[in-house]
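Let the sequences and hints guide you as you build the complete structure.
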Amino acid sequence: MSKYRFAIDVQFKSSVRDPRGETIERVLRTEKGLPIYHLRLGKSIHLEVEAENEVEATRIVHQACEDLLVNPVVEEYEVRTL
Amino acid sequence: MKACIVVYPGSNCDRDVYHALKYVGVDVNYVGLDDSLDGCDLVVLPGGFSYGDYLRPGAVAAREKISHEVRRAADRGKLILGICNGFQILIEMGLLPGALLRNSSGRFVSKWVRLIVEDVDTPFTRNFKSREVIKLPVAHGYGRYFKTDSAIRVVFKYMDDVNGSDDMIAAVTTEDGRILGMMPHPERAYEKLLGGEDGLKLFTSVVEYLRRNAS
Numbered sequence: 001m002s003k004y005r006f007a008i009d010v011q012f013k014s015s016v017r018d019p020r021g022e023t024i025e026r027v028l029r030t031e032k033g034l035p036i037y038h039l040r041l042g043k044s045i046h047l048e049v050e051a052e053n054e055v056e057a058t059r060i061v062h063q064a065c066e067d068l069l070v071n072p073v074v075e076e077y078e079v080r081t082l
Numbered sequence: 001m002k003a004c005i006v007v008y009p010g011s012n013c014d015r016d017v018y019h020a021l022k023y024v025g026v027d028v029n030y031v032g033l034d035d036s037l038d039g040c041d042l043v044v045l046p047g048g049f050s051y052g053d054y055l056r057p058g059a060v061a062a063r064e065k066i067s068h069e070v071r072r073a074a075d076r077g078k079l080i081l082g083i084c085n086g087f088q089i090l091i092e093m094g095l096l097p098g099a100l101l102r103n104s105s106g107r108f109v110s111k112w113v114r115l116i117v118e119d120v121d122t123p124f125t126r127n128f129k130s131r132e133v134i135k136l137p138v139a140h141g142y143g144r145y146f147k148t149d150s151a152i153r154v155v156f157k158y159m160d161d162v163n164g165s166d167d168m169i170a171a172v173t174t175e176d177g178r179i180l181g182m183m184p185h186p187e188r189a190y191e192k193l194l195g196g197e198d199g200l201k202l203f204t205s206v207v208e209y210l211r212r213n214a215s
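First to last, the protein sequences are chains A and B. So the first sequence is residues 1 to 82, counted in our numbering. So the second sequence is residues 1 to 215, counted in our numbering.
Hints listed in this document are in silico derivations from the structure and should not be mistaken for laboratory results. This structure is a prediction, so every number in the text was calculated from the model and none was measured. By construction, the Cβ of each residue, glycine as well, lies at the ideal position given by its N, Cα and C atoms. The reader is advised that the hints may include incorrect statements.
[Said to hold, decoys possible] Derived Cβ-Cβ restraints for the label pairs, each shown as a range:
(1) A/S44 / B/G25: 47 to 53 Å
(2) B/D176 / A/R26: 40 to 46 Å
(3) B/D166 / A/P35: 38 to 44 Å
(4) A/V55 / B/V133: 55 to 61 Å
(5) B/G77 / A/R59: 35 to 41 Å
(6) B/R63 / A/E54: 57 to 63 Å
[What the hints assert, rightly or not] In silico negatives: residues of chain A with every beta carbon more than 10 Å from chain B:
(7) A7
(8) R20
(9) E22
(10) T23
(11) T30
(12) L39
(13) E52
(14) N53
(15) T58
(16) V73
(17) Y77
[Stated by the list, open to error] For the chain A half of the interface with chain B, some residues (derived, Cβ under 10 Å), not all of them:
(18) M1
(19) S14
(20) V16
(21) K32
(22) L34
(23) I36
(24) D67
Structure representation (structure tokens):
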């Protein structure tokens, strides 16, 4: 068994309003004068999976996303290896 | 007739619900994470901040062993009431459709709100008048109802925009009306001493419904 490290990026779907992101974007633009638009505040989850191989580890990560980490009604996610 | 209140780590409205149910003469007990719901006619998931709202409000609680018991009770046709965080848990369990997101203002909102009773044909609302306007307190940071099912039965609507919910939705129920999820707190408004008693009818509705069906 080996350990594999992953990062999961969770973001709201584009159809879902993100008031935190909107506030941060507004401050950057109006208070800091930076030309920043469409800021979305998601979350990043880092974890380690113990598995026989990387394919199996990736399958387990996706299962964790579907079982708990991501709400498919309003969120989408991407997985990358670390 | 027995009611069970599920106490998750971080629940904080469990005692309020307990007293509200006692007030209308129901035999109530608290239920913990490893307990059973056998023999319960009404299961209440109270408000609070189960697991500190980690990840998403209700997400962790919805996967606890006791929540599988709640699902079994729902399958057996028992009445399930989720208030505030309890509503969030029911949605995370998939027993009610949609999602509850951060309020559109980005702020926690804690105040009395006016609601319209949209559906009086449920075990929880039979003592209200149709389209009656009532006042109940809300206290939540994640109450913005995101609608995914156009045929959803809406039970209460906000009269004023409180949190940015789709269609001003404050409470929804299943097709058979046996599972109710609501953001406002009826257990904080069941007698005058609390500042209002509009929540009382919800509890008397359930009690009368259960009594009628027990006999």
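Comparing the hints with the structure gives:
Taken as a hint, the range 47 to 53 Å holds for the pair A/S44 and B/G25, whose Cβ atoms sit roughly 51 Å apart. Checked against the hint of 40 to 46 Å, the pair B/D176 and A/R26 passes, with Cβ atoms roughly 45 Å apart. One distance hint, 38 to 44 Å for the beta-carbon pair B/D166 and A/P35, is violated here, with the actual separation near 32 Å. For the pair A/V55 and B/V133, the supplied restraint of 55 to 61 Å holds, since their beta-carbon distance comes to about 59 Å.
About 37 Å separates the C-beta atoms of B/G77 and A/R59, a value consistent with the hinted range of 35 to 41 Å. Checked against the given bound of 57 to 63 Å, the beta carbons of B/R63 and A/E54, roughly 27 Å apart, lie outside it. Non-interface call for A/A7 relative to chain B: holds, since the shortest CB-CB distance, roughly 16 Å, exceeds 10 Å. The non-interface label for A/R20 is inconsistent with chain B: the shortest C-beta to C-beta separation is roughly 6 Å, within 10 Å.
For A/E22, the condition that its CB be more than 10 Å from all CB atoms of chain B is violated, with the nearest at approximately 8 Å. Its closest Cβ contact with chain B, about 6 Å, brings A/T23 to no more than 10 Å, contrary to its assignment away from the interface. Every C-beta of chain B lies more than 10 Å from that of A/T30, the closest at about 16 Å, which supports listing it as non-interface. Listed as a non-interface residue, A/L39 keeps its Cβ farther than 10 Å from every Cβ of chain B; the least gap is roughly 13 Å.
At roughly 26 Å from the closest C-beta of chain B, the C-beta of A/E52 stays outside 10 Å, upholding its exclusion from the interface. For A/N53, the shortest C-beta to C-beta distance to chain B comes to about 27 Å, beyond the 10 Å cut-off, and the non-interface label holds. The non-interface label for A/T58 is consistent with chain B: the shortest C-beta to C-beta separation is roughly 21 Å, beyond 10 Å. Non-interface status of A/V73 relative to chain B is broken: a Cβ of that chain comes within 10 Å, the nearest being about 5 Å off.
The beta carbon of A/Y77 sits about 13 Å from the closest Cβ of chain B, which is more than 10 Å, so the claim that it is off the interface holds. This hint is violated: A/M1 has a C-beta 25 Å from the nearest C-beta of chain B, more than the 10 Å allowed. At a threshold of 10 Å, the smallest CB-CB gap from A/S14 to chain B is about 13 Å, leaving the interface hint violated. For A/V16, the shortest C-beta to C-beta distance to chain B is roughly 7 Å, which falls under 10 Å, so the interface hint holds.
With a least beta-carbon distance of about 19 Å to chain B, the hint placing A/K32 at the interface is violated under the 10 Å criterion. With a cut of 10 Å, the hint placing A/L34 at the interface with chain B is violated, because the nearest CB-to-CB distance is about 20 Å. The beta carbon of A/I36 is not positioned within 10 Å of any beta carbon in chain B (closest approach about 18 Å), and the interface hint is therefore violated. Hint status for A/D67: holds, given a least beta-carbon distance of 8 Å to chain B, under 10 Å.
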